[in-house]
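Student: Take a look at the letters that make up each chain.
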Amino acid sequence: MPLKKIKEFCIEKTIYLSGITSIIFVVLIFVFLAREGFSLFKRVSVFDFLLGQDWYPISEPAKFGILPMILGSLAVTLGATLISVPLGIASAVYIAEVASPRIKEILKTGIEILAAIPSVVIGFIGMTTLVPFSKNALNLPTGLTAFSGSVTLAFMAIPTIVSIAEDALTAVPVKYKEAALALGATRWQSIRRVILPAASSGIMAAIMLGIGRVIGETMAVMMVTGNAAQIPQSLFVPVRTLTATIAAEMGETVQGSDHYFALFAIGIVLFIITFIINLIADWAVHRRFK
Amino acid sequence: MVNLVQAWAEQFMMKHPETLIAVTGGGSGTGIAALLSATCDIAQSSRKMKDKEFKEAENKGIQPKEFVVALDGLAVTVNPKNPVNQLTIDQLADIFNGKIKNWKEVGGEDRPIVLLSREVNSGTHVYFKEHVLRKGDAKRKDEFAKSALLMPSSQAIADEIAQNPNAIGYYGMGYTNPTQKFLAIGESRKGPFYYPTIENVKTLHYYISRPLLLYTNGEPQGLIKDFIDFALSAEGQEIVRQIDFVPIR
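So the sequences go chain by chain: X and S. Heads up, the final residue of the first sequence is numbered 290 in my numbering, and it's a clean run with no missing numbers. Heads up, the final residue of the second sequence is numbered 1249 in my numbering, and it's a clean run with no missing numbers.
Fair warning: there could be bad hints in the mix.
[Claimed, not checked] Per the computed footprint, the stretches of chain S lying under chain X, defined by three or more beta-carbons under 8 Å from a beta-carbon of chain X, are: (1) 1118-1131; (2) 1145-1157.
[To be verified] Below are the DSS-like pairs computed for lysine-lysine, each with C-alpha atoms no more than 27 Å apart in a straight line: (3) K1099/S with K63/X; (4) K63/X with K1202/S; (5) K63/X with K1146/S; (6) K42/X with K1141/S; (7) K63/X with K1101/S; (8) K63/X with K1135/S.
Read the hints as simulated data drawn from the structure, not as lab findings. Idealized CB from N, CA, C, for every residue including glycine.
With the rest of the complex left out, here is chain X (with noise of 0.2 Å):
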C-alpha cells in the first residue's frame, strides 16, 4: 500500500511539475524581456517609442519610434483578417454542416497539410508569384505591400480558424440543427440563425487566434512588405512590421545598446499585443458555458 501511494504521490507531482512549466516559462519570458526592454525608458520615453515617427536607431543622435512599425503590424493584420475570416468561416461551415463524409475528410486533410506548411516556404512563394503579380495587377510602383504581406498570411491563418471554428460547429448539440429543421427552416436558415449563432464563442475564439497566429508571425511577412518603417497611408504601400524589425536588426546589434535595449521594448508591446488578444480569445471561449 505504501508504495502505491508513492507512485501516485510522484505522478501526481510530475504532472503537476509539467502543468506549471509552461507558466513559468511565460513569467521567465516576460521578465527578461521587461528586464531588457525597460532599461530603453531611461534615455526614451515611452511617449516618445510609442508614439515617434522615425526609427533610426544607429544614427547619431538615435531615434526610436515605432509608430510606423506598430501601424504597420495593424496594417497586414486588418487585411490578413478581412480575407481570412469570412474565407475561414465558410469553409469551416462547409467541412462542418454541407460537405459529405468523404469530402469531409479530403478537406480537413488538406487544410492541415495547409497548416504545416513552413511559414518560410509560404513567404518565398509570395515573394516570386504574388508580389510580380500584384505589382502588374495593380499597377503599383512595387510589389512588396501591406498587402502582399495580408494574403500571404492569411494563408497562414486559414487553418487555424478553420480547424478550430469547425470545432466549434461540430460541437453545436444536434438537437437543435434537428429542431430548426423540424420547424420548417431550410438548411441554409438553419446554419444562419440557429448553429452559427450558437457557436459564435468558438467562431470569436478562432478569430482571435488566427489574428495572434498573425500578428507573431515574422519571416514570411519580412519577405513581401518590403520593410519600409513608414506610416503606411493604404494597403497598398511598403510597412514595416514589428516582427520584421525584430528580427531584421537584432542579428547585428550590439549587446547593451540602446538599440538592443529598443528591440526588446518592442518585444514587449508584441507580447502584450498577443496576451491581450489571447485574453479575449479565451474569454470568448469560457462565455460560452455560462
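Given the coordinates of chain X, assemble chain S onto it according to the supplied hints.
Tutor: Below, chain S without anything else, positioned relative to chain X:
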C-alpha cells in the same frame, strides 16, 4: 573592413598555429591612432592617412608604409528598362533622401521611384549614408527617406530590381547580371561620369568607392610581412571576393 581582416587573420592562424593575431575594430581613425602610438603592428583603414597624420607620424619617428589590399565599391543599379544611365552625386543623394520622387526629375520616364536599401546595421547601408547622403561630412544629419525599402540582402535588392523598372538600389559591385543595369556616377552635371568598374575604382575615379588599406611602421619584417603577403596572395584575395569587396588583382 574589420570582417575582412578578421577573416584573413583566422585563415592565417590556421596555417600558422603558433601565431596569434588580435584584430580590433573601431573605425579607421582608431587604427591610425594606434599605429601612431605604436600600440599595433598593422593598422587597417578604409581611407588614406591625412597629411596631418603623416606629420604627426614624422614627429614620433614612425614611417607609415601603405598597402592597398582590397577595394570597396558600391554600384548603383536600376532595371535595364529604365532609360536613365547616369546620375550626379547630388541627384543620387536627393533620390535616396526622398527629395526626388519621380524618375522624370532626373531625365527618365514619368514613374515613381522605389528606393531599395540594406538593413540599418549593414556596413553598406552605413557607408552609403555617410558617403553619398552626407557626402562624407560627419556633421550632416541626412537620413534615408522613410519610404526606402530595407531589404535583407544584396540578392533581395538585385531580385527586386530585376523585375521592377521603378526601383533603384545599391550593392557591392561584385554582382553583375544582365537583369540589372549599373549607373554611371558623376560629381557634376557636366561629368565626367564613371561606371563602377574595377579600373575606375582602382584609379578612384568612381565616387562611391574607397581603397582598403593596411599601414605598417617602416618596411614590414618577419611575421608582419608574412601576413601582408598572405593578404595579397591569391588565397587572401579570394577571401576579399567572398566578403564582397573588390580584389586588387
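Student: Hints the structure violates: just list their numbers, smallest first.
Tutor: Hint check: 4 fails alone, others pass.
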